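Start from the sequences and build out the full structure, keeping to the hints where you can.
As they're listed, the protein sequences go chains H and G.
Numbering of the first sequence is given in the working numbering, commencing with residue 1 and proceeding in unit increments.
Numbering of the second sequence is given in the working numbering, commencing with residue 1 and proceeding in unit increments.
Keep in mind the hints are simulated off the structure, nothing from the lab.
All values reported here derive from a predicted model rather than from experimental measurement.
Cβ coordinates follow ideal geometry from the N, Cα and C atoms, glycine included.
Just to be clear, a hint being listed does not mean it is correct.
[What the hints assert, rightly or not] If you only want the chain H side, here are some residues facing chain G, beta carbon under 10 Å, derived:
| id | residue |
| --- | --- |
| 1 | 82 |
| 2 | 83 |
| 3 | 123 |
| 4 | 125 |
| 5 | 134 |
| 6 | 146 |
| 7 | 153 |
| 8 | 156 |
| 9 | 164 |
[Said to hold, decoys possible] Chain H residues, not near chain G, derived (Cβ > 10 Å throughout):
| id | residue |
| --- | --- |
| 10 | 17 |
| 11 | 31 |
| 12 | 56 |
| 13 | 57 |
| 14 | 66 |
| 15 | 89 |
| 16 | 99 |
| 17 | 116 |
| 18 | 127 |
| 19 | 150 |
| 20 | 157 |
| 21 | 177 |
| 22 | 235 |
| 23 | 281 |
| 24 | 283 |
| 25 | 345 |
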Amino acid sequence: MDINLVYMVLFLAGIIGFAALNAAYLVWVERKGAARIQRRTGPSEVGFAGLLQPLADGAKLMSKQILFPDGIDKPLFMLAPMFAMIPAVMILVTIPFGPVGFGPFADFMLVAREMNIGLLMIFAFASVNVMALLLGGWSSKNKYAVISAARAVSQDIAYEIPMILIAITIVMTTGSMHLSTIVESQAGGFWNWNWLPLQGNLFGPVTFIIFFICSLAETNRAPFDLGEAESELIAGFHTEYSSMGFGLFFMGEYANIVIGAALTTILFLGGWLSPLPASIPFIGAPSVVWFLLKMYLLIWTVVLIRWTYPRVTLWSLLNLAWKIMIPFALVNLLGSAALIKILPMLGL
Amino acid sequence: MNIQEFYNYFQISLGVADVVKEGVFLGFILVTLGGALMATCSTRTIRAIFGLVVCFVGIAGIYYFLNSPFVSLMQLMIYVGAVAITIAFAIMLAEPDENKRAAKTPPLAGPFAVLLGASVTWALAAASLGAKWMAPAIVVNEGTVTQVGEALLTKYSMAFELVSIVLLLAILGSLVVARSGRDKEC
Numbered sequence: 001m002d003i004n005l006v007y008m009v010l011f012l013a014g015i016i017g018f019a020a021l022n023a024a025y026l027v028w029v030e031r032k033g034a035a036r037i038q039r040r041t042g043p044s045e046v047g048f049a050g051l052l053q054p055l056a057d058g059a060k061l062m063s064k065q066i067l068f069p070d071g072i073d074k075p076l077f078m079l080a081p082m083f084a085m086i087p088a089v090m091i092l093v094t095i096p097f098g099p100v101g102f103g104p105f106a107d108f109m110l111v112a113r114e115m116n117i118g119l120l121m122i123f124a125f126a127s128v129n130v131m132a133l134l135l136g137g138w139s140s141k142n143k144y145a146v147i148s149a150a151r152a153v154s155q156d157i158a159y160e161i162p163m164i165l166i167a168i169t170i171v172m173t174t175g176s177m178h179l180s181t182i183v184e185s186q187a188g189g190f191w192n193w194n195w196l197p198l199q200g201n202l203f204g205p206v207t208f209i210i211f212f213i214c215s216l217a218e219t220n221r222a223p224f225d226l227g228e229a230e231s232e233l234i235a236g237f238h239t240e241y242s243s244m245g246f247g248l249f250f251m252g253e254y255a256n257i258v259i260g261a262a263l264t265t266i267l268f269l270g271g272w273l274s275p276l277p278a279s280i281p282f283i284g285a286p287s288v289v290w291f292l293l294k295m296y297l298l299i300w301t302v303v304l305i306r307w308t309y310p311r312v313t314l315w316s317l318l319n320l321a322w323k324i325m326i327p328f329a330l331v332n333l334l335g336s337a338a339l340i341k342i343l344p345m346l347g348l
Numbered sequence: 001m002n003i004q005e006f007y008n009y010f011q012i013s014l015g016v017a018d019v020v021k022e023g024v025f026l027g028f029i030l031v032t033l034g035g036a037l038m039a040t041c042s043t044r045t046i047r048a049i050f051g052l053v054v055c056f057v058g059i060a061g062i063y064y065f066l067n068s069p070f071v072s073l074m075q076l077m078i079y080v081g082a083v084a085i086t087i088a089f090a091i092m093l094a095e096p097d098e099n100k101r102a103a104k105t106p107p108l109a110g111p112f113a114v115l116l117g118a119s120v121t122w123a124l125a126a127a128s129l130g131a132k133w134m135a136p137a138i139v140v141n142e143g144t145v146t147q148v149g150e151a152l153l154t155k156y157s158m159a160f161e162l163v164s165i166v167l168l169l170a171i172l173g174s175l176v177v178a179r180s181g182r183d184k185e186c
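Written as structure tokens, this is what we have:
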């Protein structure tokens, strides 16, 4: 029985700290990025280049009063923000960030509890996440919030299908749901990563693009942020939330972005592996630095997409999912399955 | 001291681990029962659904303890992630205002419900007390995805295909129903 209490507590504290730090500083990145695109300067007053702004915002959020509007369903209203955060933390528990890669910790894996079926665990908890939007929207007794919850649910249900179909193709080509195994199967340089068609799966690039779009939609990010569409629904499902209730929803959203980027990194971009073969000293060694580099590059792409693309309408969003993404994902699944059978016959 | 020794130093003893395990198991049972009570006792439909979700989470935890993480995660994904959310969605669309109380119940409903509940409880208790329970299984198999998949496609392939046909028919039926109410534009 391998239970190590200190190890578990340290990792849980680390994960929650990681989620909170990311939420705080991704907001800063997002505001700076938006400012660059809109020819402004963004936060610049608090600290150097506004670097202390997230801390000030956090202190402000925590010191505010929690308002309970009349007619809300109070227990559910209070539970909804927790439901936004708990699945995110549960998912981060299974995500392997890779070996530290240097010094005395060289072989030490940064993962709290890796499961044999880690990929399934991630999708299971990601599907619970919708419950938070639904409960939050419903219990706040606000028409905008209810509309937003209905939109978010139909969107999340629609995009879950192609996302899981794509994940199944990855599971088929690598033969495992163990995230470390999926990463290790991409070893040997960037040309072996799953998003390129050289790994035996000719559909690599299509798979990667569908998965990335779906992860944008699943995290309710622009151009798919119909759940909180500021210009029509005020702030959507969290309109009535103040103080840390709002803060938890916000942290949950950024934690989900981190999870989406981390999952894309693991499934398609070789996780913690270096883009160069491991035979090259130092730079070819697998390390957590590579993982973070790829992950933050993806997150930066997400930020850029948010501030440069207009929001789609609900109908085009759902049509994209049901009429384009799902058929493509299905064809992709069948094609990959056929290739797995055919390629060995041709001796490749 | 190196990092491995550091961990081993804090490795908790087996006795403590067992206590923690029992505690978490009891916790999951309490969560399941609490969720079930919330689902049956609350007057607001949306709270009842929330109770159902809590109950499902508890059951998923118990599955995990029964050494089948795959079933446990599928329970979460299908029942919480799909079934409960679909029910909640349907109720949100159908019943926007829940302030008014339910219609007046007929006078005999209370005693009849008590009678029904008592008889069902009696039947279940009699059945469970009279039954010859098998010795608790140690570990039948590892419950891994590979084993589940092989069993589905060899031993239970007929049942698997039948379930697929039922689901396919359900999808087609819902498409037909949904299609009939739409015009051509959207």
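Hint check:
1. Here the hint on residue 82/H is broken, as its CB sits about 12 Å from the closest CB of chain G, past 10 Å.
2. About 9 Å separates the beta-carbon of residue 83/H from the nearest beta-carbon of chain G, less than 10 Å, and the hint is met.
3. Here the hint on residue 123/H is kept, as its CB sits about 6 Å from the closest CB of chain G, short of 10 Å.
4. Against a cut-off of 10 Å between C-beta atoms, the interface hint on residue 125/H holds, since the closest Cβ of chain G lies about 7 Å away.
5. The criterion of a C-beta within 10 Å of any C-beta in chain G is met by residue 134/H, whose closest approach is roughly 5 Å, and the hint holds.
6. Taken as an interface hint, residue 146/H checks out: its beta carbon lies about 7 Å from the nearest beta carbon of chain G, inside 10 Å.
7. Here the hint on residue 153/H is kept, as its CB sits about 5 Å from the closest CB of chain G, short of 10 Å.
8. Interface hint at residue 156/H: satisfied, since its Cβ lies 8 Å from the closest Cβ of chain G, which is below the 10 Å cut-off.
9. A distance limit of 10 Å between C-beta atoms decides the matter here; for residue 164/H the minimum to chain G is near 9 Å, and the interface restraint holds.
10. With a least beta-carbon separation of about 20 Å from chain G, residue 17/H lies farther than 10 Å from that chain, consistent with its non-interface assignment.
11. Listed as outside the interface, residue 31/H is consistent with that label: its C-beta sits roughly 33 Å from the nearest C-beta of chain G, beyond the 10 Å cut-off.
12. The beta carbon of residue 56/H is kept farther than 10 Å from every beta carbon of chain G, the shortest such distance being approximately 35 Å.
13. The claim that residue 57/H lies off the interface holds: its Cβ sits roughly 31 Å from the closest Cβ of chain G, which is beyond the 10 Å cut-off.
14. Here residue 66/H stays apart from chain G, with its beta-carbon at least about 20 Å from theirs, past the 10 Å limit.
15. For residue 89/H, the condition that its CB be more than 10 Å from all CB atoms of chain G holds, with the nearest at approximately 15 Å.
16. Residue-level check passed: residue 99/H sits 12 Å from the nearest beta carbon of chain G, beyond 10 Å.
17. Look at residue 116/H: its CB is around 7 Å from the nearest CB on chain G, not clear of 10 Å, so calling it non-interface is violated.
18. A cut-off of 10 Å between C-beta atoms contradicts the statement that residue 127/H is not in contact with chain G; the least separation is 3 Å.
19. At roughly 6 Å from the closest C-beta of chain G, the C-beta of residue 150/H falls inside 10 Å, breaking its exclusion from the interface.
20. For residue 157/H, the non-interface assignment is contradicted: its Cβ lies about 7 Å from the closest Cβ of chain G, within the 10 Å cut-off.
21. The Cβ of residue 177/H does not lie farther than 10 Å from every Cβ of chain G; its closest approach is about 6 Å, which violates its non-interface assignment.
22. Even its closest Cβ contact with chain G, about 19 Å, leaves residue 235/H beyond 10 Å, as expected for a residue assigned away from the interface.
23. The beta carbon of residue 281/H sits about 23 Å from the closest Cβ of chain G, which is more than 10 Å, so the claim that it is off the interface holds.
24. No beta-carbon of chain G comes within 10 Å of the beta-carbon of residue 283/H; the shortest separation is about 24 Å.
25. For residue 345/H, the condition that its CB be more than 10 Å from all CB atoms of chain G holds, with the nearest at approximately 21 Å.
In summary, the numbered hints that this structure violates are 1, 17, 18, 19, 20, 21.
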